[in-house]
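Line by line, the protein sequences give chains A and B.
Take the first sequence: its position 97, counted from the start at 1, is 97 in the working numbering, and no numbers get skipped.
Take the second sequence: its position 274, counted from the start at 1, is 274 in the working numbering, and no numbers get skipped.
Be aware that one or more of the hints could be misleading.
Copies of the same chain are indistinguishable here, so a pair counts whether it falls within one copy or spans any two.
[Unchecked claim] List time: in silico DSBU-like cross-link candidates among lysine-lysine, alpha-carbon distance up to 35 Å:
#1 Lys59 / Lys214
#2 Lys397 / Lys357
#3 Lys82 / Lys214
#4 Lys397 / Lys214
#5 Lys230 / Lys82
#6 Lys286 / Lys59
Simulated from the structure, these hints should not be mistaken for laboratory data.
Protein chains: 2
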Amino acid sequence: MTTATAMNMDEMLTEMGKRARTASRALAVLPPAVKNAALEAMAAAFESHRAEIRAENAKDVAGAEEHGLTKAAVDRLRLDDKRILAMAGALRELIALPDPVGEIENVRTRPNGLRIGHMRSPIGVVGIIYESRPNVTADAGALCLKSGNAAILRGGSEAFHSNRILARLMNDAAAGAGAPDGAIQLIQTTDREAVGALLRADQYVDVIIPRGGKPLIERVTRDSIIPVIKHLDGNCTVYVDETANLDDAVRITVNSKTQRTGVCNAAETLLVHRNIADEFLPRIGKALQEKGVEIRGDASVMELVPGSVAATEQDWYEEYLDLIIAAKVVDSYEEAVEFINHYGSHHTETIVTNDHKRAMHFLRAIDSACVHINASTRFSDGGEYGLGAEIGISTNKLHARGPMGLRELTTAKWIVFGEGQVRE
Amino acid sequence: MTTATAMNMDEMLTEMGKRARTASRALAVLPPAVKNAALEAMAAAFESHRAEIRAENAKDVAGAEEHGLTKAAVDRLRLDDKRILAMAGALRELIALPDPVGEIENVRTRPNGLRIGHMRSPIGVVGIIYESRPNVTADAGALCLKSGNAAILRGGSEAFHSNRILARLMNDAAAGAGAPDGAIQLIQTTDREAVGALLRADQYVDVIIPRGGKPLIERVTRDSIIPVIKHLDGNCTVYVDETANLDDAVRITVNSKTQRTGVCNAAETLLVHRNIADEFLPRIGKALQEKGVEIRGDASVMELVPGSVAATEQDWYEEYLDLIIAAKVVDSYEEAVEFINHYGSHHTETIVTNDHKRAMHFLRAIDSACVHINASTRFSDGGEYGLGAEIGISTNKLHARGPMGLRELTTAKWIVFGEGQVRE
Chain A
1 MTTATAMNMD EMLTEMGKRA RTASRALAVL PPAVKNAALE AMAAAFESHR AEIRAENAKD
61 VAGAEEHGLT KAAVDRLRLD DKRILAMAGA LRELIALPDP VGEIENVRTR PNGLRIGHMR
121 SPIGVVGIIY ESRPNVTADA GALCLKSGNA AILRGGSEAF HSNRILARLM NDAAAGAGAP
181 DGAIQLIQTT DREAVGALLR ADQYVDVIIP RGGKPLIERV TRDSIIPVIK HLDGNCTVYV
241 DETANLDDAV RITVNSKTQR TGVCNAAETL LVHRNIADEF LPRIGKALQE KGVEIRGDAS
301 VMELVPGSVA ATEQDWYEEY LDLIIAAKVV DSYEEAVEFI NHYGSHHTET IVTNDHKRAM
361 HFLRAIDSAC VHINASTRFS DGGEYGLGAE IGISTNKLHA RGPMGLRELT TAKWIVFGEG
421 QVRE
Chain B
1 MTTATAMNMD EMLTEMGKRA RTASRALAVL PPAVKNAALE AMAAAFESHR AEIRAENAKD
61 VAGAEEHGLT KAAVDRLRLD DKRILAMAGA LRELIALPDP VGEIENVRTR PNGLRIGHMR
121 SPIGVVGIIY ESRPNVTADA GALCLKSGNA AILRGGSEAF HSNRILARLM NDAAAGAGAP
181 DGAIQLIQTT DREAVGALLR ADQYVDVIIP RGGKPLIERV TRDSIIPVIK HLDGNCTVYV
241 DETANLDDAV RITVNSKTQR TGVCNAAETL LVHRNIADEF LPRIGKALQE KGVEIRGDAS
301 VMELVPGSVA ATEQDWYEEY LDLIIAAKVV DSYEEAVEFI NHYGSHHTET IVTNDHKRAM
361 HFLRAIDSAC VHINASTRFS DGGEYGLGAE IGISTNKLHA RGPMGLRELT TAKWIVFGEG
421 QVRE
C-alpha cells in the first residue's frame with residue numbers, strides 16, 4: 001500500500017516536474033515587464049478574492065482548532081483582510097526591485113579578442129517545503145517568479161485550503177499576464193509521501209529550500225538527493241573587545257539579545273575581554289537583568305554579575321530563543337575568535353571594538369554567514385540588508401550564505417562574445 | 001572485518017579532518033605573501049627533489065606495467081624531469097594570480113548608515129578525489145592553499161608512491177614557509193573504505209570535488225553526504241543560424257569537433273538552420289570528412305552530405321569523445337534552443353550567427369554552464385577563460401558552473417560596517 005502510494009506520488013511529481021521544467025525555460029527569457037505584470041495581477045487577485053480566501057482559510061482554522069493546535073499556531077494560520085492586503089503589498093514591493101536575470105558581470109577581453117564574463121541566470125526549478133504560515137505560499141512563489149524560476153510548493157497540511165486557493169489565484173493571474181502556465185505549482189495533497197517524491201525528483205528539480213523547524217530541515221537534508229539550501233540554528237555571539245565604546249557595547253548587546261528573542265539572529269552568547277570585564281560586566285548584567293534576561297556565566301562573570309548562574313559546557317552551544325544569555329570572559333581577542341568558530345553555529349556574530357585592525361581581522365577570521373562590526377546581530381535579515389525580500393537565511397557555505405534574496409535565487413553562467421575565434 | 005576497517009577509516013578521517021579544520025582557520029587569515037612564499041617553496045622542493053620523485057614514481061610505473069595497464073595509462077602516470085619542472089612551473093604561475101580571499105564587493109550604505117557588502121572567503125576544507133595523473137596532487141593542493149582552503153587529497157592507487165612524495169614535499173615546504181601544518185594532507189592508504197569515510201566526514205569537510213571518469217563521479221555523488229561539485233559529460237552543440245557567416249561556421253564547427261576529441265568541451269552535435277542547409281551542409285560535410293569525422297545525420301543531412309549515416313535517437317544524447325558528430329537540420333532558431341536544452345548535457349554550446357537579437361537571446365535561453373557566440377566550444381576551459389588555473393569544470397547549477405578557478409574555491413559572507421547601530 002505504501003509502495004503503491006509512493007509510486008503514485010513519484011508519478012505525480014514527475015508530471016509536475018516536467019511542467020515546471022517547461023515553464024522554467026519560458027521564465028528564463030521572460031521580459032521583466034511581463035514578470036512584473038504577473039506580480040501585479042497576483043496582488044490584484046488577492047485583493048479581489050478576499051472573501052474566497054477567507055472562506056478557504058476558515059476551513060484550515062476550524063481544522064486547526066479541532067486538532068487542538070496552540071492559540072499562537074492558530075493565529076499564525078489565520079488570514080484576515082489586513083493580512084491578505086499585506087500579502088498583496090509584499091508582491092507589489094517585489095515589482096520595484098531590480099530584476100537580476102540576464103545581468104552581465106566581470107566581462108574582460110582575452111588576448112585573442114574573446115570577451116568573457118558571467119551572466120546571472122535562474123537556477124531553474126525550485127522546490128520549497130514549508131510549514132504553517134500561508135503567506136509563505138505568496139512570498140516564495142513570487143520571489144521564484146521574479147527571479148525566473150519555476151516553483152513547486154509544498155505547504156503544511158494545516159494550511160492546505162489556504163495554500164490551495166492562494167496558489168491557484170497566483171498561477172491563474174500569472175498565466176493571464178503572459179507568464180507560462182505551471183510557473184507556480186502547489187502539491188495538492190497532504191500525503192507525506194509527496195515530500196519524499198519531491199526530494200527524489202532530481203531530474204526536474206534543481207534545488208530544495210526547506211523553511212520550518214529543525215525536524216523538517218533534518219528530514220529534508222537526510223532524504224534529498226537534490227541540493228538543499230539549509231536554514232539551521234543561529235547561536236549568535238556578541239564579542240566586546242577591550243577597546244570597545246562601552247555605551248555602544250551595552251546598547252548592541254541588549255538589542256541583540258532582547259529586541260526579539262524567538263529568532264535566529266538574536267544573540268545567545270556574550271564574550272567580554274578581560275581588560276574591561278570589571279567595568280563592563282556589572283553594567284551589562286544590570287541592563288540585561290532589567291529586561292528580564294537570565295545570565296549563565298563562567299566563574300568571572302558570576303563574580304562580577306550578581307544574580308548570574310553557572311553555565312555548563314552545553315550552554316556555549318545553545319540556541320535559547322528565549323530571555324537567556326551565556327556569558328564568558330576571554331583573555332584575548334584570539335581566544336574570542338577561536339571560541340566563536342568552535343562553539344558558534346556560523347550564522348551571525350558581531351564585534352564591538354574601536355581597534356581598526358582587529359575589526360578588519362574579525363571579518364576574515366570568523367567563519368560565519370554574517371559578520372558585523374559595531375552593529376546589532378539583529379540586522380542579519382533580508383529586509384535590513386536591503387534585499388527587499390528574502391526566501392530564507394542560508395547556513396550553507398556553498399552557493400549562498402546568509403539572507404537570500406532574488407540574486408541568490410540565480411546562478412552565474414559563463415558567456416563568451418566571439419568574432420569567429422577558434423582554438424589553436 | 002569490513003566493519004572494523006570502516007571504523008578505522010572513519011577514525012583516520014576524523015583525525016585528518018580535525019587537523020584540516022584547524023589548518024583552515026589559520027589559512028583564512030594568512031597574508032597573501034605567506035601563501036605565495038609557500039607556493040615558491042613547494043616549487044623549489046619539487047626541483048631539488050627530482051631524483052627522489054622519479055624514484056618513487058618508478059615504483060608506481062613498475063606496478064602499473066605489472067598490472068597490465070595500457071601504454072597510454074602508464075604514460076600518463078610517468079614523471080620525468082620535464083614533467084616535474086612543469087609541475088613546479090604551474091605552482092609559480094599561481095603566485096602571479098590575484099588572491100581572491102578577503103575581496104570586498106557590492107558595499108552599499110543603508111538609510112541607517114550601515115555599510116553592507118560581501119567578502120570572499122575560503123570554503124574551508126576541500127576533499128578532492130582523483131585518478132591516475134599525479135600532477136593533480138600538485139595542482140589541486142596548490143589551488144586550495146592559494147584560495148585559503150585546507151585540502152584532503154585522495155589520489156588513485158596506481159599513483160600511490162608518486163602522490164605520497166609530492167604531498168609530503170608540499171606540506172613540508174608550505175609549513176617551512178609559514179603555512180599551517182596540515183594545509184595539504186594526502187590519504188595515506190589505498191584502502192577503498194577510506195573514500196567512503198571521507199564522503200561521510202561532513203563535520204570536517206565542506207565540499208567534495210571528484211575528478212575522474214563517470215563511475216568515480218557517480219559513486220561519489222551517490223555516497224557523499226557532503227555537497228559535491230560534479231564534473232559530468234560534455235555533449236556540446238554547435239548551432240549554425242540562418243544568418244551565420246558560413247566561413248566562420250565551417251572553421252568553428254571543425255575546430256569544436258576536431259581540435260581535440262577526447263575532451264568534454266569538444267562538440268558532439270551540429271544543428272543547422274534549414275534556410276542555409278543546402279549551401280552549408282555539403283561544405284561542412286566535406287570539411288569534417290577530410291578530418292576523418294563520421295557524420296550521423298537526420299534525413300535532411302543524409303540527403304545533403306554524401307557518406308553520412310543515419311542517426312538514432314540515442315545519438316542526440318551521445319558524448320562520443322571521438323571523430324563522430326551527430327548532425328540535424330532545424331526549421332527555426334526556437335527549435336534549435338529547445339533541442340539543445342532537451343538533448344544537451346548543459347556544458348557548452350555555441351551559436352554561429354550575425355543576428356544580434358538572436359545572439360543575446362541565446363545567452364539567456366540556453367541552460368548551460370558556458371554559452372558562446374561565434375566562438376569554438378573548445379574555449380570553455382579555465383586557461384582559455386583566463387582563470388590561470390582550474391580545479392575542474394563544474395556541471396552543477398549551484399555555487400559554480402563551468403571552469404572553476406581560485407575565485408570559485410571561495411564563497412561570499414555578508415559583512416556589516418556599523419557605528420553602534422541597533423535595530424528599532
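The hints, checked one at a time:
1. Lys59 / Lys214: within (27 Å within a copy, 52 Å between copies)
2. Lys397 / Lys357: Within. Shortest intra-copy distance 25 Å satisfies the 35 Å Cα cut-off; inter-copy 37 Å does not.
3. Lys82 / Lys214: Answer is within: at 30 Å inside a copy they meet the 35 Å cutoff, but 55 Å across does not.
4. Lys397 / Lys214: both (18 Å within a copy, 26 Å between copies)
5. Lys230 / Lys82: within (31 Å within a copy, 47 Å between copies)
6. Lys286 / Lys59: Cα proximity of Lys286 and Lys59: none, with 48 Å in one copy and 71 Å across.
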